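Peer 1: For reference, the chains in residue letters:
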Amino acid sequence: MTTLHTLGVAEVAALVQRREVSPVEVVTACLTRLEALEPTLQAWVSVDRHGALAAARRCEQAIQQGDRIGALTGVPVGLKDIIYTAGLRTAAGSRVYANFVPTYDATVTVRLQQAGAILLGKTVTTEFATADPSPTRNPWNTEHTPGGSSSGSAAAVAARMIPAALGSQTGGSTLRPASYCGIVGLKPTYGRISRYGVIPVSWCLDHVGILVRSVQDAALVLQAIAGHDLHDASSLAQPVGNYSLAVQQADTPPRLGVLRDFFRDHADTETQQHTAATVERLARAGARVQEVPLPPSYATVLAAHRILMKVEAAAFHADMFMTQREQYGPRLRETIEMGLVIPAVDYLRAQRLRRLFQQEIPQMFHDVDILVTPSTPTPAPHDLGTTGDARFQSPWTHAGVPTITLPTGLSQVGMPLGLQLIAPALEEERLLRAARWCEAALNVTLAPPL
Amino acid sequence: MAGERITTDIFETLAAQARLLWGEADAERQRPALSQTAEEIAMVARTPVPADLEPKFFA
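Protein chains in written order, with the working numbering: chain A, 17 to 466; chain B, 2 to 60.
These aren't lab readings, by the way, just hints derived from the structure by calculation. Fair warning: this is a prediction, and the values are worked out from it, not measured in the lab. Mixed in with the good hints there might be a few duds.
Just some of the chain A residues that point at chain B, by a computed CB distance under 8 Å [unchecked claim]:
| # | residue |
| --- | --- |
| 1 | 114 |
| 2 | 117 |
| 3 | 118 |
| 4 | 220 |
| 5 | 247 |
| 6 | 249 |
| 7 | 254 |
| 8 | 320 |
| 9 | 367 |
| 10 | 368 |
| 11 | 372 |
| 12 | 405 |
We put the beta carbon where it would ideally sit given N, CA and C, even for glycine.
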């Protein structure tokens, strides 16, 4: 029973369902692990020990009574501290929200709980999910950044404190920390997961993300929380796919389109070589690989993305910022200050350019199923003053298309490296199927030396 | 756009706004960020957009 904390989502759910393991035992094991490592990693804002154990006991009782149980019954989870939890403080890593206690749950909180997941607590976020670093440390080396903004979620899952956590992504805030910490990070199509009750950075760019340790676990969590939500104006009405089935049908090698140009030019030598070797391994395993050029509109993607993010962050924070400016960290403060002076016509031009990029994306998939890039330009920087570089994730967040990162190995200094897979909008099943195939072909699972 | 806007002109416009909002000293502190933002705006402004392409806020 001492290794219960190392089990993934699918393993916990299956063992609990078969009554081979009690949810109370799983939660206790995760809490023990969490409490042992938290002084070093600082991944949690709050841990609801009492509430988690009470929920685990209710689960146990329901199972004993033969009640119908959800797909995530007994699975401990963490929520990034920008996600509303009724009655539980949601401070968003901010002095401005330091005492904010939501009166209702975010839709994702409700859906996780309806599926039987057990909330262990709230994970550390950078201030309002932006770029000022959080206190969280990377489990692979505490002198390296864990990335951000979903710092605590990534570190907690990588350190085997919990099998799954939710984060968010406006630029690269789920995939980047996932890659830096050696785990799987999934950002689905914009609007696939409700943002209701999630403190925004930028309404048109924000996504809820999933941090886990396997593709199958990503599919299970997505299955539980995806779907239309009347409370979220951006929520998609299209039917939710069968993601759990998709990962079981991953026998056919995918056609992979490798993006070089920008992604080769901005990656360090080690990352370039590692990515080339990873793609070569996938080709040897049967994947068809070809290069795919970037569309013309790619040239303005990062500039347009930054304009949208700055203006929308400024719009959300404007009132609070005017009266509590000194309470904001330097990077977020700068973001808001810039957003307040960008002309509306330039914001709208950036929105139009975003749409142009979205319209050009389908042609990139003409001859391939999935696009691949390194997940990040470098491994996690040896610098706690940064959350790293979001340039490899931001374009796809900007377009709203689904992406996933898989751990692929370690750098020379022992930090994780990852591969980013990209699919067209609403093709989560295709993405998960390809990711599962790549995961099996590469056979890489990383566990930090803790 | 009629008449290409150059980065220095955009920067001056942004800096003037910043001075109005926060005063001289604070606007001076913001100079590097204003300069970077001006470059981003210039890049977006000089890229042609089809006349009939409307913005779509929720993708």
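Peer 1: If a hint holds in the structure, say so; if it doesn't, say that too.
Peer 2: Okay, the hints, checked on the actual structure:
no. : hint : verdict
1   : 114  : violated (25 Å)
2   : 117  : violated (29 Å)
3   : 118  : violated (23 Å)
4   : 220  : holds (5 Å)
5   : 247  : violated (14 Å)
6   : 249  : holds (7 Å)
7   : 254  : violated (13 Å)
8   : 320  : holds (6 Å)
9   : 367  : holds (4 Å)
10  : 368  : holds (5 Å)
11  : 372  : holds (6 Å)
12  : 405  : violated (15 Å)
Checked against the numbered hints above, the structure violates hints 1, 2, 3, 5, 7 and 12; every other hint is satisfied.
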